[in-house]
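Student: Below are the chains, spelled out letter by letter.
2 protein chains.
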Amino acid sequence: MQVKQIKPEELKYNGDGLIPAIVQDVETKEVLMLAYMNSEAVAKTLSTGETWFWSRSRQKFWHKGESSGNVQRVKEMYFDCDKDTLLLLVEQRGAACHEGYYSCFHYALAGDGTVTVKGEPLFNPEEVYGKESK
Amino acid sequence: MQVKQIKPEELKYNGDGLIPAIVQDVETKEVLMLAYMNSEAVAKTLSTGETWFWSRSRQKFWHKGESSGNVQRVKEMYFDCDKDTLLLLVEQRGAACHEGYYSCFHYALAGDGTVTVKGEPLFNPEEVYGKESK
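Listed in order, the protein sequences are those of chains E and X. Take the first sequence: its position 43, counted from the start at 1, is 43 in UniProt numbering, and no numbers get skipped. Take the second sequence: its position 18, counted from the start at 1, is 18 in UniProt numbering, and no numbers get skipped.
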């Protein structure tokens, strides 16, 4: 077990200054979502112990759970051998997906292109985010 | 359970024509790696049942396991609610990481920036890929 120190800015970011962050449920090990962080969002996540992302569509910081209350408490955090991807194991409160499903990965794709929706939504997105949200 | 059909080109790719693909062990649920596919790599993965990626550094198709023999048999495949990320649950033979570790995510990052290497390599990369490989 080697130990060293790393600063958020020493991770590898893409041309837009972002690094993909995989979010996994620490208990069930289900992969919940993938979102992007810039180095400041990485720093905020490390210091607060909750997930902060950079929203590409809204071009602003996004504290996951801000609107829905479904915050993610970070229990373990990893970066990969290329330093260009993060993996966060979290305690997920409620559903992670804005469509109301527990995981964003609820569209199963078969080899012949058939798509099957797995599971059931845990909440009605219109009630949580209002009718205007996607 | 709604059922429909989707073609690889109907997924959402980034400006470089790529979509991130998270690879997870179907049995242990450990997240092994993240790599990128273009629509042709998605089609090859669907038709062969093994993972095919687009290597950004080498700018060519990359059939995972080609050099090491550690191929990944795809057991389940998902896309997310934004259609811009894939999740593949695979049977992993041997180690997924080119550094010889089972998972590429073996660098644990603590809130204060301390990095701890978790686990032990399963193989010596120099013996598998030769001394020139990174």
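No wet-lab data here; the hints were simulated from the structure. There could be a bad hint or two in this list.
The list cannot tell twin chains apart, which means a pair is met if one copy fits it or any two copies do.
Said to hold, decoys possible - Taking lysine-lysine pairs in the DSSO-like style, the calculated list, with each CA pair at most 30 Å apart, reads:
no., residue 1, residue 2
1, K75, K7
2, K75, K44
3, K118, K12
4, K75, K4
5, K29, K75
6, K83, K44
Student: Would you pick out the hints that fail for this structure and give their numbers low to high?
Tutor: none
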